[in-house]
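Trainee: Residue numbers (my numbering), protein chains in the order written: chain V, 1 to 157; chain E, 158 to 917.
Treat the hints with care, as some may be off.
Claimed, not checked - To be clear about the criterion: a stretch of chain V counts as covered by chain E if any three or more of its residues have a C-beta under 8 Å from a C-beta of chain E, and this derived list gives those stretches:
hint, segment
1, 50 to 58
2, 63 to 73
Claimed, not checked - Think about it this way: if two alpha-carbon atoms lie no more than 25 Å apart in a straight line, the pair counts; the simulated SDA-like pairs of lysine to any residue are:
hint, chain 1, residue 1, chain 2, residue 2
3, V, K24, E, D266
4, V, K24, E, A553
5, E, K787, V, A15
Claimed, not checked - Label pairs and their computed distance ranges (CB to CB):
hint, chain 1, residue 1, chain 2, residue 2, range
6, V, N23, E, T656, 55 to 63 Å
7, V, D122, E, K166, 26 to 34 Å
8, V, D122, E, Y736, 38 to 46 Å
9, E, N461, V, N23, 21 to 29 Å
Please keep in mind that the hints were generated in silico from the structure rather than gathered at the bench. Being a predicted model, the structure only gives us computed values, none of them experimental. Glycine included, every Cβ here is placed at the ideal spot set by N, Cα and C.
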Amino acid sequence: MGRKHQIQITVNGEAHDLLVHPNKTLLDLLRYDLCLTGTKKGCDEGDCGACTVIANGKVVTSCLVLAVEMDGATLTTIEGLHKGDELHPIQQAFVDSGAVQCGFCTPGMILTTKALLDETPDPSEEEIKHYLEGNLCRCTGYIKILDAVNNAIKQMK
Amino acid sequence: MDNYSIVGKPIPHLDAVEKVKGNAVFTSDIKLNGMLFGKILRSSVPHAKIRNIDISQAVKLKAVRAVITSKDTPLVRYSISPTWADKLVLADQKVRYIGDEIAAVAAVDEESAEEALSLIRVDLEELPGVYDPFEAMQSEAPLLHDGIVSNISKTLRMECGSVAEGFARSDIIMEDTFKTHAQSHCSIETHCCVATCSATDEVNLWVTTQAPHPLRQRLAMTLKIDVAKIHIMTPFIGGGFGSKIDLEPAQAISVLLAKKTGKPVKIEHSRKEQFIATRMRHPTVTHLKFGVKHDGTIIAKQANVVMDNGAYNSHGPAVLAYNNVMFSTLYRVNNIKYEGRLVYTNKNWGGACRGYGDPQASFAQEVMLDMIAERINMDPIDLRLKNANIPNQVTANAVKITSCGLKECLTEARKVSGWRTKKAAGKKYRGLGIASMIYTGGGSIGSGLNYSGATMQMNPDGTLQLLMGALDIGQGSNTILTQMAAEIMAVEPETIRLTTADTDTTFPCMGTFGSRVTYCGGKAVVEAANGLKKKVLENAAEMLEANPDDLEMKNKSIFVMGTPEKAVTYAEIGASSFYKKKEPLVAHGYYNGPEVSPDFDPVTYKGYPAPALVFGTHLAEVEVDPTTGKVEVLNFVAAHDLGRAINPLLVEGQIEGGAVQGIGWSLMEDVKFENGEILNPNFHDYKMLTIKDIPKIIPLMIETIDPNGPFGAKGIGECAMVPTAPAIINAIYDAVGVRIKELPATSEKIFKGLKEKRSK
């Protein structure tokens with residue numbers, strides 16, 4: 001398993017000094033060590049996108065990243081989007097558009113959307129689809145997820 | 158038109174806010190003090206005798222707390238019905254597919270549990286395997302199970318009228334063979350469970366299930382534990398699609414490991430385990446023979462079906478029976494013959510999968526109808542209208558239909574899609590295809606059980622509480638059943654506190670499958686809410702010295718019609734009844750129907766007792782790339798007769814999700830086997846549709862207001878993917894003249910078809 005490494009990461013504005021095994025994924029660190037279980041494990045192989053978080057402004061599938069690689073990183077997980085009861089406009093749009101069914105893919109979908117809109121506030125349909133292609137959903141057929149993204153864009157203008 | 162203020166409104170899922178915040182707790186999020194991690198050793202060969210299992214090295218590992226084999230189990234076989242039981246939680250003498258459970262380990266962390274698995278020595282004597290159901294039916298084929306004389310697990314034979322006579326009277330006879338393939342459910346959440354078990358068998362199980370109450374029964378039987386000692390709790394469930402109905406070995410194993418160690422034990426499937434060792438859609442080979450008149454009247458139809466069961470039964474015999482019922486009940490045909498065989502093979506086994514044998518039936522029948530329409534030069538929609546079911550029909554196979562909107566589905570889909578104009582334009586490489594479906598709109602009492610229970614109470618402070626056995630796996634039943642209760646009690650749905658699917662606190666419910674929760678759960682909720690409303694009104698009448706019939710409910714208060722200023726509030730009523738009268742305000746509701754008619758045959762499901770039938774039509778517009786054979790679905794209309802849409806936003810979500818799952822099954826999703834091994838057990842090689850692949854979908858809700866359904870509603874969930882594949886296959890034929898009779902319709906198959914066509 002190897003020796004533990006010391007890393008420093010900031011998650012949702014909170015700084016953490018942690019000792020981690022070199023083989024621990026960022027996903028497991030978030031879910032098990034930091035108890036941020038909003039980030040989901042759907043495949044642990046980088047295929048489904050349920051574990052998506054934002055690291056240093058970029059979308060990452062946290063199951064494919066080792067926690068030690070994240071030393072010094074600033075992360076946003078789904079728990080860091082809303083302020084108390086006040087939802088982020090993307091979260092609100094997912095609720096209002098009926099884009100949430102079982103909700104297991106939802107955190108990843110929302111964070112991917114956030115990274116997209118941070119980078120491109122007014123994306124084309126093609127850009128939206130390109131960005132969200134790596135996030136699988138079995139319940140909605142994606143139609144209402146697209147509605148949600150478009151509604152969020154309108155709200156955030 | 159009924160004037161409802163909450164029923165029929167497109168409100169978002171009530172639990173969506175918790176889900177978008179990441180606060181919703183799923184089973185895999187549960188962590189208990191001292192919790193151990195369980196892992197399962199699975200067979201790596203498709204068929205073998207177990208000579209010996211040596212766990213001595215594994216138990217020596219420091220972090221290991223328990224290792225179990227079949228010797229630690231009561232060796233009770235299970236399936237969804239005791240009569241078909243053939244699966245042990247842990248194999249004792251034989252393994253029958255790659256993935257079969259052999260042993261299990263509990264350790265302090267996942268890595269140690271994995272390491273312990275690698276230290277278990279299993280001495281296997283490999284046996285010849287059989288992977289094709291037709292080969293498995295041969296007399297020399299290796300037999301999968303002890304004491305069987307053939308690998309045919311179930312044979313169904315049904316004839317209504319006389320097909321021989323019907324074919325003799327027909328103008329045209331058409332025959333062909335249609336094949337379907339395995340589909341994995343692919344809920345993004347994998348199966349997971351966390352168990353505690355005391356030395357005296359007091360069990361707590363948090364689990365990803367669609368059917369907590371039946372799971373409790375099955376667990377009790379399989380582990381020989383008193384059912385009353387088992388408490389099943391359902392956190393949020395990350396999708397099911399049928400995969401989470403039957404008992405999973407992991408669930409029983411987690412209980413056994415928890416008992417042996419005295420610690421909580423969690424088992425979470427990997428995605429690979431999800432593909433190789435949880436259920437999938439049964440592949441079928443269907444030979445059809447149809448006799449029709451020149452005017453399109455279907456005189457007789459006959460199906461011979463071979464269904465690939467895989468290694469164990471699970472739902473298999475019932476799925477075969479549903480394949481028969483749905484094939485036989487759709488359309489008005491007097492002479493029907495069905496023969497079906499369910500055959501064991503050394504592969505992962507089939508189970509319930511959205512549509513339960515119906516998509517396979519729909520594919521064969523609806524492609525056949527398209528071929529008939531072409532042969533008799535009739536519009537495929539007109540052919541279906543000619544033979545469509547009608548309200549209050551009793552079918553040849555003795556199924557009683559109440560409401561029926563099949564004709565409306567067909568005509569609306571035709572109108573909205575621009576069928577006639579587009580067909581007339583005949584744009585090159587573009588095509589339109591249509592297919593219809595029938596399914597249950599509220600489960601069935603075929604097994605003797607179709608129960609749902611609910612309790613509604615007004616607390617002393619006037620707040621309302623709804624407790625129901627029904628379970629929301631993402632489809633939205635928590636929202637729509639609350640809408641029904643809120644409509645009756647004249648409150649906003651979000652003000653009703655909800656407790657669902659906990660075997661200790663809610664009345665039993667069969668669970669979430671068979672498109673039954675809206676209907677059966679709804680009937681129970683409506684009865685409970687109406688019961689409570691009556692009591693509340695009686696209390697208010699006493700307090701207001703008025704007649705209960707003269708009262709109106711509004712804004713959580715009750716007053717004599719026309720005098721809202723003289724009102725009593727729900728809080729006053731709740732307090733008065735609870736404290737002064739000393740009568741808690743509570744009412745129960747229960748449904749377990751419909752009545753079973755004497756015509757019912759529990760083997761073939763002739764006389765299939767469903768509370769309501771639902772109908773639908775899918776209409777696909779595709780474009781085929783002639784150079785590659787690639788199909789693009791451009792537009793998709795999905796019309797469904799669902800009685801009444803309690804919540805149109807959620808219904809749209811069901812229809813869109815179903816259609817996209819159906820498109821995936823039609824064109825790309827395929828569990829690929831080679832000698833019993835699944836070659837693509839991951840999302841990289843097993844292709845689901847992504848957001849880039851989806852067409853424009855127009856959901857159409859045909860409201861037929863069922864006379865018996867709660868607020869006239871019927872189910873929708875499973876129905877939404879039933880006729881998708883044939884609609885697409887028929888559209889491909891319309892586009893390029895290539896008739897796909899074996900799913901999925903991959904680019905390769907279409908390209909090959911185009912090439913053959915060109916060379917003719």
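Trainee: Next pair to validate is K24 of chain V with A553 of chain E; report whether the Cα-Cα distance is within 25 Å.
Mentor: Cα-Cα ~62 Å, so violated.
Trainee: State whether the coverage of the segment 50 to 58 of chain V by chain E holds or is violated, taking the criterion as 3 or more residues with Cβ-Cβ distances under 8 Å.
Mentor: violated (count 1)
Trainee: Starting from K24 of chain V, check that the Cα of D266 of chain E is at most 25 Å away, please.
Mentor: Distance of about 13 Å is within 25 Å: holds.
Trainee: Kindly confirm whether 55 to 63 Å is satisfied by the beta carbon distance between N23 of chain V and T656 of chain E.
Mentor: About 41 Å separates the Cβ atoms of N23 of chain V and T656 of chain E, which means 55 to 63 Å is violated.
Trainee: Can you tell me if the segment 63 to 73 of chain V counts as covered by chain E, using C-beta to C-beta distances under 8 Å and a minimum of three residues?
Mentor: violated (count 0)
Trainee: So the hint says 21 to 29 Å: do the beta-carbon atoms of N461 of chain E and N23 of chain V match that?
Mentor: 54 Å, violated
Trainee: Can you confirm whether the C-alpha distance between K787 of chain E and A15 of chain V stays at or below 25 Å?
Mentor: 50 Å, violated
Trainee: Could one say that the CB atoms of D122 of chain V and K166 of chain E fall in the range 26 to 34 Å?
Mentor: Since the Cβ atoms of D122 of chain V and K166 of chain E sit about 32 Å apart, the hinted range of 26 to 34 Å holds.
Trainee: When you take the CB atoms of D122 of chain V and Y736 of chain E, is the distance between them in 38 to 46 Å?
Mentor: The hinted range 38 to 46 Å is violated for D122 of chain V and Y736 of chain E, with Cβ atoms some 59 Å apart.
Hints 1, 2, 4, 5, 6, 8 and 9 from the list above are not met by this structure, while the remaining hints are.
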